[in-house]
Each structure stands twice: as structure tokens, then as C-alpha cells.
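*Asks:* Each chain, written out:
2 protein chains.
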Amino acid sequence: MSTTKRNSNRKASVLLETAATSVWTNVREQQREMKRNAVLQTAARLFIERGFHATSLDDVAARLNVSKPTLYYYVKNKEEILLQCVSQGLEMTLEGIDASRRAGGNAIDQLIACMRVYGRLVTQDFGMCLIRVGDEGLTSEGRDQLRKQKSSIDKEFRRLVAAGVEEGSLNPCDPKMTAFAIAGALSWIGRWYQSDGEYSGDEVVQHCIDTLMTGIVRRAG
Amino acid sequence: MSTTKRNSNRKASVLLETAATSVWTNVREQQREMKRNAVLQTAARLFIERGFHATSLDDVAARLNVSKPTLYYYVKNKEEILLQCVSQGLEMTLEGIDASRRAGGNAIDQLIACMRVYGRLVTQDFGMCLIRVGDEGLTSEGRDQLRKQKSSIDKEFRRLVAAGVEEGSLNPCDPKMTAFAIAGALSWIGRWYQSDGEYSGDEVVQHCIDTLMTGIVRRAG
Numbered sequence: 001m002s003t004t005k006r007n008s009n010r011k012a013s014v015l016l017e018t019a020a021t022s023v024w025t026n027v028r029e030q031q032r033e034m035k036r037n038a039v040l041q042t043a044a045r046l047f048i049e050r051g052f053h054a055t056s057l058d059d060v061a062a063r064l065n066v067s068k069p070t071l072y073y074y075v076k077n078k079e080e081i082l083l084q085c086v087s088q089g090l091e092m093t094l095e096g097i098d099a100s101r102r103a104g105g106n107a108i109d110q111l112i113a114c115m116r117v118y119g120r121l122v123t124q125d126f127g128m129c130l131i132r133v134g135d136e137g138l139t140s141e142g143r144d145q146l147r148k149q150k151s152s153i154d155k156e157f158r159r160l161v162a163a164g165v166e167e168g169s170l171n172p173c174d175p176k177m178t179a180f181a182i183a184g185a186l187s188w189i190g191r192w193y194q195s196d197g198e199y200s201g202d203e204v205v206q207h208c209i210d211t212l213m214t215g216i217v218r219r220a221g
Numbered sequence: 001m002s003t004t005k006r007n008s009n010r011k012a013s014v015l016l017e018t019a020a021t022s023v024w025t026n027v028r029e030q031q032r033e034m035k036r037n038a039v040l041q042t043a044a045r046l047f048i049e050r051g052f053h054a055t056s057l058d059d060v061a062a063r064l065n066v067s068k069p070t071l072y073y074y075v076k077n078k079e080e081i082l083l084q085c086v087s088q089g090l091e092m093t094l095e096g097i098d099a100s101r102r103a104g105g106n107a108i109d110q111l112i113a114c115m116r117v118y119g120r121l122v123t124q125d126f127g128m129c130l131i132r133v134g135d136e137g138l139t140s141e142g143r144d145q146l147r148k149q150k151s152s153i154d155k156e157f158r159r160l161v162a163a164g165v166e167e168g169s170l171n172p173c174d175p176k177m178t179a180f181a182i183a184g185a186l187s188w189i190g191r192w193y194q195s196d197g198e199y200s201g202d203e204v205v206q207h208c209i210d211t212l213m214t215g216i217v218r219r220a221g
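As they're listed, the protein sequences go chains Y and W.
Residue numbering for the first sequence follows full-length UniProt numbering, starting at 1 and increasing by one per position.
Residue numbering for the second sequence follows full-length UniProt numbering, starting at 1 and increasing by one per position.
One thing to keep in mind: the hints can contain errors.
Unchecked claim - Far from chain Y, some chain W residues (derived; all Cβ distances over 10 Å):
{"id": "1", "residue": "19"}
{"id": "2", "residue": "23"}
{"id": "3", "residue": "30"}
{"id": "4", "residue": "35"}
{"id": "5", "residue": "41"}
{"id": "6", "residue": "46"}
{"id": "7", "residue": "76"}
{"id": "8", "residue": "95"}
{"id": "9", "residue": "136"}
{"id": "10", "residue": "137"}
{"id": "11", "residue": "173"}
{"id": "12", "residue": "189"}
{"id": "13", "residue": "191"}
{"id": "14", "residue": "217"}
{"id": "15", "residue": "219"}
Claimed, not checked - Lysine to aspartate or glutamate pairs mimicking DMTMM-like chemistry, simulated, CA-CA at most 25 Å apart:
{"id": "16", "chain 1": "Y", "residue 1": "155", "chain 2": "Y", "residue 2": "135"}
{"id": "17", "chain 1": "W", "residue 1": "150", "chain 2": "Y", "residue 2": "79"}
{"id": "18", "chain 1": "W", "residue 1": "78", "chain 2": "Y", "residue 2": "196"}
Quick caveat, the hints were computed from the structure, so don't treat them as lab data.
The C-beta atom is built at its ideal place from N, Cα and C for all residues, glycine as well.
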């Protein structure tokens, strides 16, 4: 075998080994991520059912049927869990809002799309944590992070309301106050909604959007 | 002096004494009630500023410039304070709603009156406690009491929405879902409203009512 060929073979073998190691690492990381996500989901459910302060890491471990030390491999403490749940929920919402912005269209259609994305958040566990638990249990850094994410969502609602007034599809209004009314009516769903109730999350959100869009008062004609 | 006259004088004197004692007792009771109310108001403000769990009875005593034992003369513990704040707020709201019902008029006018009364609650300290603190810190009896009061308010909103649809002043709708959207948009004000902000509480509430009544979408014509 020529030196060139031997070198080339050696290189290929090193590459293969690296690829194999990397697959192994990826699989392990994916598994870790999945398990970490299971911890967050389970904790979020317990926070909703029992309240944040009344839930302990022991409760989370018990429901997952793992030991508490195992839990510590995935999360630092209860406060970190809450922050992760809530900020992941907000992050997904911001991505959804970005996607509907990229899709383009009239401001009114984009506004409705945003309302749906936000409505989906508050009818799911991470969003319900945001609404029901609040941020009292967080560190000031955690609170700052959430405040920034929430403010981005709020700004997007205001921008779309202002653009809708501009394009003539929405009633002239104070976009800040109107954005608060929209976010308020939708957010409150997260306070009372139960996934085993009479209506699906999508139905409740759609009803709320309809009420906000057309109003309650019947117009003549 | 005749026996009759003497008896009559004695009776008068006893009556005067009883009246005096009762004035004394009344004044004392009124003072106690005023002081107790000051404890509730101060605690409510601290719950809003710092959060319920982060506020101690020591903090309340310090702000009132009294000793903790003095505080215990008026309240049992932090949980009782929260329950008293929130249930007093709800009670006042129910009284306001009753008054507007007795005043009569169209369902739509009564509904707007109810929205104003509820809006006033959530822009005041006791109502903000209801919205921001929630009921996790309460005993199950306390939670039951609040649930009944909140349910009475909710029922009144539903009844008025249904009556408004019936009288033809409101759009046909599912009164339950519409009542949730109304209470949600108004309740959320209590989550972000600050009395030293750009708008007064009444302005914020009125804007929210207008948005809910006329809707966001501009209609042709």
C-alpha cells in the first residue's frame, strides 16, 4: 500500500470514529434533553394542580418514579424549573409570532394569527404556569428574562393593532390599551381553562378572539 | 319624691348609663375596626409590592410602626389577612352589583354598570391581591368562600349577557364564554395596573369596556 493510500485510509478511519462518537453523544444528549423535558412537563402539571409553593421536588420525583438525586442531574431547583417552563413557553410563542410575521398579509390577519399563537400558549401547561404561578418564585435575573420576553409579545400586539388602524381594518384606538385588553382576555383563559372541560382550548380561544374582534354590542342594520 | 317618680328616675339613670357604656363600646369597636382595616390595607399593599410569600407579618408591623404582638390583636396570621382582604373586596363588589340591579334599567346598561364595579375592584389594592396573589396561600375553607363569591359575580355577568341578547342589545353568543372574556379582560388590569401610571384606574377600565363593547374590527359604513 502506498503512503498516500495508507494516510488516506487512516483519515477515513478517524473520520468514521469521530462520526460514531458524535452519533453516540448526540443520542445521549437527545435522551438527556427528552428526560429534562419530561421533568419540566411533570413539574408544570403539578404546579398547576397543587400550586407552585405547595409542590416539592420530592413530588416531582415521585410522579416521575425516579429518585430526587436523579432529578438533580436534569435541573438545579424548583425555581429553575419554573423559569425554564415559562421561558420555553414564551420562546415558542415568540417563534410562532415571528413565523406569522414572515408569512406576511394584512395587519388584521397577522393580529388574529398572533392571538391564536398566544391563546395556544395559555391553554398549554407551560403557559398556564406563566399565568397561574406568576414570577414571585423566581430570582430577579429570571424575572428580568421573562419581562423581556413578555414585553416582546406585548410590543408585537401593539404594533399590529397600530398597523390595523393604519390600514383601516381596525377601529381607531389607543394601541397600548387595546393590546392590554386583547392580551388580558386571552391570558385569563390560562387561569380557569381545564383541558378536560366542556370546550377544547382552540374553541375557547376562538370564542375569545371573536368576542374581541366583533364586540358584544349588537349594531343596528 | 313619690315611689313612681323615684323608680322612673332610676330607670332613666340606668338607661343613660347603658347608653354611655354602649357609646364607649361602640367607639372602641369602631377604633378596633379602623385599626384592623389599616392592617389589611397595609398588608395588601405589601403583598402587591413584594409578593405574598415574600411578605412577613414583621414587614406589616414595621410599616405600621407597631409591634408584632399588637398586630396579633387584630389578625390571626398572614393567611387570614389575605382572605379578609380578598373577600372584603369581593363582598363590596357584590354589593355594588346588587345596587345596580336594584337601580333597574336595560340589561346592557346594567352590564356596563357591573363591568365598572368589577373594574373598580381590580384597580384597588384588595382586588389586585385577588388577581396577583391568587388563593394558593389560603386554607381550603378560605378557598371555598372565595370560590362562592367569585362564582356569584360570574353568574351575574352571564345572566346580564343572556338578558342583553334576549332584549336584542347584544350579539347572539354563548353567555358563559362571553362572560369569561369580559371578566378576563377586566381582571387582567389588576395584574399590570399601577396607580401612579399614565392612566387613572377609571380610564383604563373604561377603555377596556369600550373595546369589549364595540370590538376591535372596523365595520363598513
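*Asks:* Give a verdict on every hint.
*Replies:* Hint check:
The beta carbon of residue 19 of chain W sits about 51 Å from the closest Cβ of chain Y, which is more than 10 Å, so the claim that it is off the interface holds. Distance check for residue 23 of chain W against chain Y: the nearest CB is about 46 Å away, which clears 10 Å, and the non-interface claim stands. For residue 30 of chain W, the requirement that its beta carbon stay farther than 10 Å from each beta carbon of chain Y is met, with the minimum near 36 Å. Non-interface call for residue 35 of chain W relative to chain Y: holds, since the shortest CB-CB distance, roughly 28 Å, exceeds 10 Å.
With 10 Å as the threshold on Cβ separation, the claim that residue 41 of chain W sits away from chain Y holds: the shortest Cβ distance comes to roughly 21 Å. In this structure residue 46 of chain W is separated from chain Y by more than 10 Å, as the shortest Cβ-Cβ distance comes to about 13 Å. At the 10 Å boundary, the C-beta of residue 76 of chain W stays outside the reach of chain Y, the nearest C-beta of that chain being 20 Å off. The Cβ of residue 95 of chain W sits about 24 Å from the closest Cβ of chain Y, beyond the 10 Å cut-off, so the non-interface label holds.
The claim that residue 136 of chain W lies off the interface is violated: its Cβ sits roughly 4 Å from the closest Cβ of chain Y, which falls inside the 10 Å cut-off. Not every C-beta of chain Y lies more than 10 Å from that of residue 137 of chain W, the closest at about 8 Å, which undercuts listing it as non-interface. For residue 173 of chain W, the non-interface assignment is contradicted: its Cβ lies about 7 Å from the closest Cβ of chain Y, within the 10 Å cut-off. Taking the minimum C-beta to C-beta distance to chain Y, about 7 Å, the non-interface status of residue 189 of chain W is violated against the 10 Å cut.
For residue 191 of chain W, the condition that its CB be more than 10 Å from all CB atoms of chain Y is violated, with the nearest at approximately 8 Å. Here residue 217 of chain W does not stay apart from chain Y, with its beta-carbon only about 5 Å from theirs, under the 10 Å limit. Against chain Y, the non-interface label of residue 219 of chain W is violated: not every CB pair exceeds 10 Å, the least being about 7 Å. Among the hinted pairs, residue 155 of chain Y with residue 135 of chain Y is consistent with the structure: their alpha-carbon atoms are about 20 Å apart, no more than 25 Å.
Proposed proximity of residue 150 of chain W and residue 79 of chain Y is contradicted: the alpha carbons are some 30 Å apart, above 25 Å. Restraint check: the Cα-Cα separation between residue 78 of chain W and residue 196 of chain Y comes to about 34 Å, which exceeds 25 Å; the hinted pair is violated.
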